[in-house]
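Assemble the complex: chain A is given as a structure, and chain B must be docked to it using the hints.
The lines below spell out each chain.
Number of protein chains: 2
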Amino acid sequence: MKAEIIAVGSELLTPDRLDTNSLFLTEELNKLGIEVLRKTVVGDERDLLAEAFRDALNRVPVVIASGGLGPTEDDLTRETVAELLGRRLLRDEAVVRAIEARFRRLKRDMPAVNLRQAMVPEGAEVLENPRGTAPGLWIEDKDRMVALLPGPPRELKPLFVEQVLPRLQRRVSGVKMFHRELRVTGLGESHVEERIRPIYTRYANVHTTILAAPGEIQIHLRTWTEDATQAGTILDEIVRSFELALGDRIFAHSGVPLEEVVAELLATNRATIATAESCTGGLLAERLTRIPGSSNYFLGGVVCYSNERKTAWAEVPPEMISAKGAVSAEVAVALAEGVRRSLGSTFGVGITGIAGPGGGSEEKPVGTVHIALASATGTRERLVHLPGDREAIRFYATQIALDMVRVHYLYDGKPQPRRVNSGD
Amino acid sequence: MKAEIIAVGSELLTPDRLDTNSLFLTEELNKLGIEVLRKTVVGDERDLLAEAFRDALNRVPVVIASGGLGPTEDDLTRETVAELLGRRLLRDEAVVRAIEARFRRLKRDMPAVNLRQAMVPEGAEVLENPRGTAPGLWIEDKDRMVALLPGPPRELKPLFVEQVLPRLQRRVSGVKMFHRELRVTGLGESHVEERIRPIYTRYANVHTTILAAPGEIQIHLRTWTEDATQAGTILDEIVRSFELALGDRIFAHSGVPLEEVVAELLATNRATIATAESCTGGLLAERLTRIPGSSNYFLGGVVCYSNERKTAWAEVPPEMISAKGAVSAEVAVALAEGVRRSLGSTFGVGITGIAGPGGGSEEKPVGTVHIALASATGTRERLVHLPGDREAIRFYATQIALDMVRVHYLYDGKPQPRRVNSGD
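First to last, the protein sequences are chains A and B.
Just so we're aligned: 36 in numbering that gives the first Met the number 0 is position 37 of the first sequence, and the numbers increase by one with no gaps anywhere.
Just so we're aligned: 121 in numbering that gives the first Met the number 0 is position 122 of the second sequence, and the numbers increase by one with no gaps anywhere.
Just chain A, with the same shape it has in the complex (with noise of 0.2 angstroms):
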C-alpha cells in the first residue's frame, strides 16, 4: 500500500522552519508496510491546499496531513477537505465541551474563535487530542483515508500512535517493515561502502542505506515481508557479514551513539572515567555526561586550555610543555597519566591539538590532535589529522577517544590492530 503525507502551514516554506513530522511519519508508515510515495509542503491558501489534497488522493489511498488545524482564519484544512469530499462541516458538541475544558483547566477564557476546532466533516471521526486544543480527523471514503493532524510533533505523534497507527493496522495486509542500524566509526563512507557492497548487493529484498553522520557511518538495513521469522533469519545473516567485513570498527548493533556504548561498557565493568581536554574543551566531559546516571562512572575532567593549567590540574610537568610542545604525544600522555593519577579512576583520557581555525603551523596544521587513554595495563597513544571545521575536529577527536575505551575492553590489553585514521 501506498500513501502521501501532506503537511500544510505558510511558515514551513520560509528559511526558518522545515517539516520534520514526516520523518517520524514516513517511519511509522513503513513499518506498517506502507511505502511514502511524495511528501509536499503547501502554505495555507485554499486553491492550493485542494489541489494537493486532491491530487495525493488521486494518486493513494492513504493521505497523512499535519497542520492548519488551528482556530484562526488560516488555518482550512478541515474545511478543504470536507469540500474536496462533499461533505458537510458539522459542530461536534463533545469537541466543543473538550475544548472549553481545556481552558478551563488552564484558568482562562475560551475565545470564540476556538469553535472552529469543534467543526467536523460529517462522518470523520474525531481522533482526541489531550496535549491541545486541534483534534486529529480520520476519514474513511470508500477506499481512501485521510488522516488530520495537529502540526505540533508533541502532539502529532501520540496522536498519531494511539489513534491512527490501529486505524492503518485494521486496513493493511500483514506485510510489514524489519529494520537493523549498525555505526561505525574510523572509516569513512566510501571505505564503508567498498567493502560491504559485495555482500549487501546479493540481498535484492533487502533495502540498504549507507549514511554519514559527524565522525560516524549509519547502516540501515530494511526488508518489508508477512514473515518474521525469515527477516530476522536473513538480517542476522546481512550483519554477520557485515561484521567480518568491518570487523571492530562497528560499534553498536542498535543504533546508539557511542557515548552510550561506552557508557554501558564502564558500568559492567564498574569502571570509571576522568578526562583532561585542551582542544575538545569540555565536549568530552560533556558527552560522557549526556547519559543519565553517568555520576556512577564519571569522576571528573578538566579542561586546561593554558599550559599553566595542565600542569596545576594534570600534573603535566612544565619542562616538558616548553620541550615538546602543548600540543605532543607527551603532553597528550601526561595530561591522561595525570588527571588518572589524581582522581584514580580506571581510565584517564588526555586530548591536546589544534581544532583552528588559527593556531595551525606546517608542522602541525589545523586538525593535528593527539589523544591518550591510560589505564592498569598502560597508555596508548593516537595521533590523528582531523578534517574539517573546528566543529567536526573537536567532535571527531572525542569520537575517537570514546572508540579507544570501547577498544581497549574488546582487547583487554592485548596487542591491538595497529589503527590508521582514514576519513573520506
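Since the hints were made in silico from the structure, they are not lab data.
Quantities reported herein were computed from a predicted structural model and do not represent experimental measurements.
The beta carbon of each residue, even a glycine, is placed where N, CA and C say it ideally should be.
Incorrect hints may have been included.
Said to hold, decoys possible - A partial selection of chain B residues facing chain A, derived with a Cβ cut-off under 8 angstroms:
1. E10
2. L17
3. T19
4. N29
5. G32
6. V35
7. K38
8. V41
9. T288
10. P291
11. C303
12. P317
13. E318
Below, chain B without anything else, positioned relative to chain A:
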C-alpha cells in the same frame, strides 16, 4: 514572482533523510523577492517525476530542482524535464571533457555510465560544477525558468549562488527582501508574543515570525520592497519598539548564539572567565570554547561531579557540602568564587543542580539548578527551576549562566532588576 522547489530522490522518502537544501534555496529566493509556493519531495520514478514538474510549471514561472542528476539508471531528472519540455537530449562534449578531467585528477578510470551526465537538453545552459561530476542545468522556456541542481548541499549551494542567482537576478523586478533577526532569552514564547504583538500587528507590510529554540526565542522580521532606505527605516523603527517592550531580554540583533555575544563582550573588555560545573558536565566550557580564539578569554574549567572534586578543584569546604547539600546556593557561590580565585580570572561561574531523570526529591525536584557568577564587584546567585528533559535542563542552565555575564556588562555592577525565571 513565485517559485516551487522540487527535491528528487527516493532516499528523501525514507525516515533517514530530510531535504534541507530547500531551506537554503528558500532563503536565497526570498532575498530576491521570490516567494516559495510549494515544496515537493518525489522519488526516482519517471511518471511521478514528470507529474511533479508538469504541475509545478503550470503553477509558477520558476522551478528549482535538486537531485536526480547522478550517473545511474535511477537518475531521471534530465530525461524527464527534456521530454516534458519537448527537447532532445544532446551530448555536450565540453561536459564530457570536464568529467574525464575530474576522474583523471582523482587518478581513477571514468566509468562509461558517467557519460549520462554529459547529456544536455537542447538549448539548456550548462552550469559548471567543480565540486562534483554532475553539472547543473538552466533552462528557459517561454516565460518559465527551470534550474536543475545536484543534490549534495556542498555542490548545490555554491552552484546556486555563483550561477543561478545572477540569472534569476536579471529576470526579477527590483523588489528585494530585507531581514532582521532578534534573539531573546529568559522569556517564554507566549510572553514574547504578548509583549510584541501590539507592535508588529501595526505593520502590515512586515512579516513577523516568532520561533522557539532551546533556551531562546528568535524573532524574524521580513519585508519585501524596492526601496532599501525605506525598508531600513521601518525595520529600525520596529526593532526600537521591540527593545522598549522586551528590555534587556534581547541578547542579539544579528541572529548569533549567546556564547558568541558573551565571547565578544569578554574580548572587548579584555576579561577572562573560568568555570566550575557539576550538572552541566562541561557544556558551559564547551560552548565558551566553540568560538575560534576562545583561548584569549577562557582560562580553564572543571567538571566536578563528586563532592571530593568540588573541594579539590574549586576549594569548596567539605563542611559546607555536608551542611547545605551539593545542590545549594552556597555551593554554587563557592564553586564560582573558588575557580575564579584559583585561576585569577575576571569571572568565575559555578553551576550545581539536578539534571535528571533521577536524583530529584520533593524539596529539590529535577530541574533545580543554582548558578553563580563571581566577579570583582561580588557574586550573584540565581536559583532556577528548569522545565524539560536532561538535555534541555543542561542547555538552559548554561544559557542562564552566559546571560548573567552579558547582563553584568549591561549594569556594570549597578543594581539589576530582579529576574524571575519565566519559561513557557
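Tell me the numbers of any earlier hints that the structure contravenes, in ascending order. 5, 12 and 13
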